Amino acid sequence: MAEIVFDKVSKEYRMGEVTIHAAKQVSFQVEKGELCIILGPSGAGKSTVLNLLGGMETVTSGKIFSAGKDITAMNDLELTDYRRYKIGFVFQFYNLIPNLTAVENVELAKQVCKSPLEPEEALRIVGLKDRIHNFPAQLSGGEQQRVAIARAICKNPDLLLCDEPTGALDTETGQTVLGVLSDISRKMRKTVIIITHNSLLAPITDRLIEMKNGKVVRESVQESPADLEGIKW
Amino acid sequence: MVTMLQKKIFRDIGENRWSFLIIVCICTLGIALFSGVNLYTSTMENAMTDYYMRANLADFWIYKADVSEADLERIQALPDVKMAQRRKILEVGLIGEINATLYLHATGDQATINIPELLDGSLLDGTETDALLLDSRFAKANGLFPGDFLSFDAGGQQKQWLIKGIIRNVEYIYYAPEGLTLPDYQKYGFAYINASALPQVPYNELILSLNGDTTRSQEEIITEIRETLGGANILSRMHQSSCREIEHDLVGIKQIGMLFPIAFFLTAALVTWITVGRMMENQRQHLGTLRSLGYPKREIMGRYALYGVLITIPSMILGWLISRNLIAEFLYRMGIAYYTIEETGVDFFSPHFFWAVLCVAVVTCGAAFLSCKRSLAIMPAALMRPKPPAQGHRILLERISPFWRNLSFSGKIVTRNLFRNKARMLMGLVGIIGSTSLILCGFGLTNSINDMLKKAFDETMRHDVEIKLKNPVPLESAADIYEILRDAQSIDAAMAFSVYLYGSNGSVQNPYMVVMDDQQSSLHFTGSDGREVKFPDNGVLITPRMAKALDTEIGDVITAERLDGTVIPLEVANIVDFPVGDEIYISRTAFSKISSLPFSVRTLLVRGQKLDLSALQDDPRISLIETKADMESNMLILLERLRSLQIILISFAGLLAIAVMMVLGHMNYHERIRELATLKVLGFRQKEMKRLVLRENIWITIFGLPFGAITGFGLLRVILVQATTADMEIRPYISAGSILLGCALILAFTVFVNHIMGGKFKSIDMVASLKSVE
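Taken in order, these protein sequences are the chains called A and Y. Quick note on our numbering: the first sequence kicks off at 1 and runs consecutively. Quick note on our numbering: the second sequence kicks off at 234 and runs consecutively.
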């Protein structure tokens, strides 16, 4: 079985009278160690998929397997443990704790893991060594995003989930951040899933899943992904 | 029409409903407590003043062996006297089934001063010689009605008296005859008869009322009356027992009712101020959006002041309901039982209510307005961005490296959070210190009263029984009483009479002067240092409150004046700690040096267990036999009203504490929901999140408790100093048990609120909370 399996997953939100179908019968697979991009315009259901995979929401129907375990069958406590030991999450808006320094934000994640990386090591991987004692407010957007990535990888998770990690960044910074993510996938053999609405990122990935209106419209595997240097947006 | 802006503000309030509701509760409690207690005292004062006016209460009661027609005319001719009447007064013992004492007042014509208020039957027409108007409480206690007869010997002839009417009288609103701490309606009553019914008895009392606009002082008028009549006992309202009791009674409650609620109100106001300010702070970006849409500052500020209005109005209504129907009503029920006065019910309003509402309005609207104004001073574009975190610096403790290094990670986070968010910590501290001090002050009131009673009854009073005689008798005439009490360990005879003391600061006190054997063993005096004080050969022993009232020290000579006008110079020999009673003490030796008055017995203080007192019960010379247990329980009953007030104070303080913690918890929760959601996504378990986020509340509580205890003691001290009357002095004392209990309660409230808040962590929607920067 593949590392990640989505099997006819649907998610509905009830807003009073209206039912919103955020994900309709979504099925796809991702292999271990792949860098996967889920691409689609806003409202396509990308974030829903990511949230479901991260154990932050529950499905309406269908099944999700992560490393062979059915996470749709997990209860609240098991889901907490799943997030705790298996998942690293990178948010579009970083969500760093404002009154902890960079290294402390990373340490925060270290607290809850079994075999974490050293926070300094995680920060070195993302290319932040000098400013680790600065508070988030003293860092630029790209630096904050890298701290967020460091926080995610410090947990040494099997699966790194990134929600629009370059959404709030300029091209150059975005490239640096993407470089970090692709290194994590290639060198550390971690499965990395990135969601974005930016199709220019598509060439760099091992696997591309395109979504529209809550459905997967295309799934493709690229044998030889493009180099980051060529990407501009 | 409701504008969109108003609509938005109503929705904001809907979203913040819990914090909002709790603030309304806090304001309600503040208004209710402050206006409730004061509504009670003002209702009582109004009722008394009104009754005094209506029944034309005398300003002076003058006693003289024979008040002649000429005396009356001379008094009536004095410039400030509005009305004067003479009466015959007489104490009689009932004959027959009822064993009781009646105090008779006989007037020559219709009473124009101290007018009786008829409740049942009819008034006297002035001609009856064997009819009377009877005290309503006495009638009720003994099951007497108009038409019944009483038999007693008045002025030398025993006859049957018809009860023509049942009355109450303004001069007997509170009736505890001399020597009694509490009313005894079954044994003591009063009655009014016609003067013509007592032809042999001379007029011996003169009552008068003054013109309302007199500018002269009481002392000047007393001196003038004394000169006119040539020696007489003169009692003003300050000394007349009913008036004095009422006055003293209200003083304690009034002081506690003023100071405690003010402290309460202060806490509530501070917490409200900070909370409303924080609510506005959280609206920051919305304000930016509104500004960028082109709304003028004035309009935004005006609308946001709605916050204040919407807090004030419900707290005003709820506060009034609780203050009148719960607090004032409860105190009124407790209080009115002691007074013989028409039950008119609690007034609707007192000015205190409007002051309280005004304060709430100023605090809530002011906080909203100012906080809004501060935000609006920033440019709209800057306002729309999230608040630039001011957190970019380290706290002082981090610079103390050994300390900081040894702290666990979560310890570091908790410590830093504590010191970072000053408003949050300040609000927590104010709330904790305020409510701890209020609770401890409430407990302390009980402790202090118990301590005072213990001191009075266990340490100072060594005798077991007190026997009061109706009239002073020479020692020899009491020999047979001594004989009956031959099993007693010791008997000390005491002479007591009322004196006026004049302080150098112009104040006048009216204590009893008690003369006792030099070697007496019934009263154990101690000085301020706690050491025993023996009776000195010269001078008097006075209480600290008397010393303070007269502004006098040990060694000073004060002037004492007997009611008949005899002046005695008194040297203050020592100041002794005697918590109850308005008395000064002197030994027989010292007394004989300054007065030629022979020693006579008024009271016998008896030591000894299991004495057979039955032989004395019916002795006509004895007016009262009271054991120590009786005295103590009477004292407790007397203090019951203060205790009931304490119950209200303690429960309100507890409610305030809970409310403050709740609002603190809620504000923290809402302000940190993003942080909490992040922790949750990172896989933190609930317990771990609580440790990181909620532990700071416990720390705030632990920091606040000692300061709360200190403030509480200070508050108690101020209240008790204010509540000290000539009769009673209560020292501030909070027992270790109370301090522990109070602190434990506050801590328990904190843990309870943390528990509730912790429960909410479960329902945090991670996706929604982290979606975007708001």
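One or more of the hints may lead you astray.
Unchecked claim - Far from chain A, by Cβ distances over 12 Å, these chain Y residues were calculated: (1) I646; (2) R653; (3) S866.
What the hints assert, rightly or not - Distance condition first, Cα-Cα at most 25 Å in a straight line; then the derived SDA-like pairs of lysine to any residue: (4) A:K187 - A:Q138; (5) A:K110 - Y:M922; (6) Y:K861 - Y:S643; (7) A:K114 - Y:K861; (8) A:K86 - Y:S643.
Read the hints as simulated data drawn from the structure, not as lab findings. Just so you know, these numbers come straight off a predicted model, no measurement behind them. From the three backbone atoms N, C-alpha and C, an ideal C-beta is built for every residue, glycine too.
* Does the alpha-carbon distance linking Y:K861 and Y:S643 stay inside the 25 Å limit? -> Since the Cα atoms of Y:K861 and Y:S643 sit roughly 61 Å apart, the hinted pair is violated (cutoff 25 Å).
* To do: Sort out whether Y:S643 lies within 25 Å of A:K86, counting only the CA atoms.
  => holds (23 Å)
* Asked: A:K187 and A:Q138: Cα distance at most 25 Å?
  -> violated (30 Å)
* Asked: Is A:K114 close enough to Y:K861, meaning Cα to Cα at most 25 Å?
  -> violated (74 Å)
* Consistency of the no-contact label for Y:S866, given chain A and a CB cut of 12 Å -> holds (61 Å)
* Asked: Any Cβ of chain A at or closer than 12 Å to Y:R653, or is the non-interface label fine?
  -> violated (5 Å)
* Compare the distance between the alpha carbons of A:K110 and Y:M922 with 25 Å, and conclude whether the hinted pair is satisfied. => Judged against 25 Å, a Cα distance of about 14 Å means the pair holds.
* To do: Would you check whether the claim that Y:I646 is not at the interface survives, using Cβ distances to chain A and the 12 Å cut-off?
  => violated (7 Å)
Hints 1, 2, 4, 6, 7, counting from the list given before, are not met by this structure.
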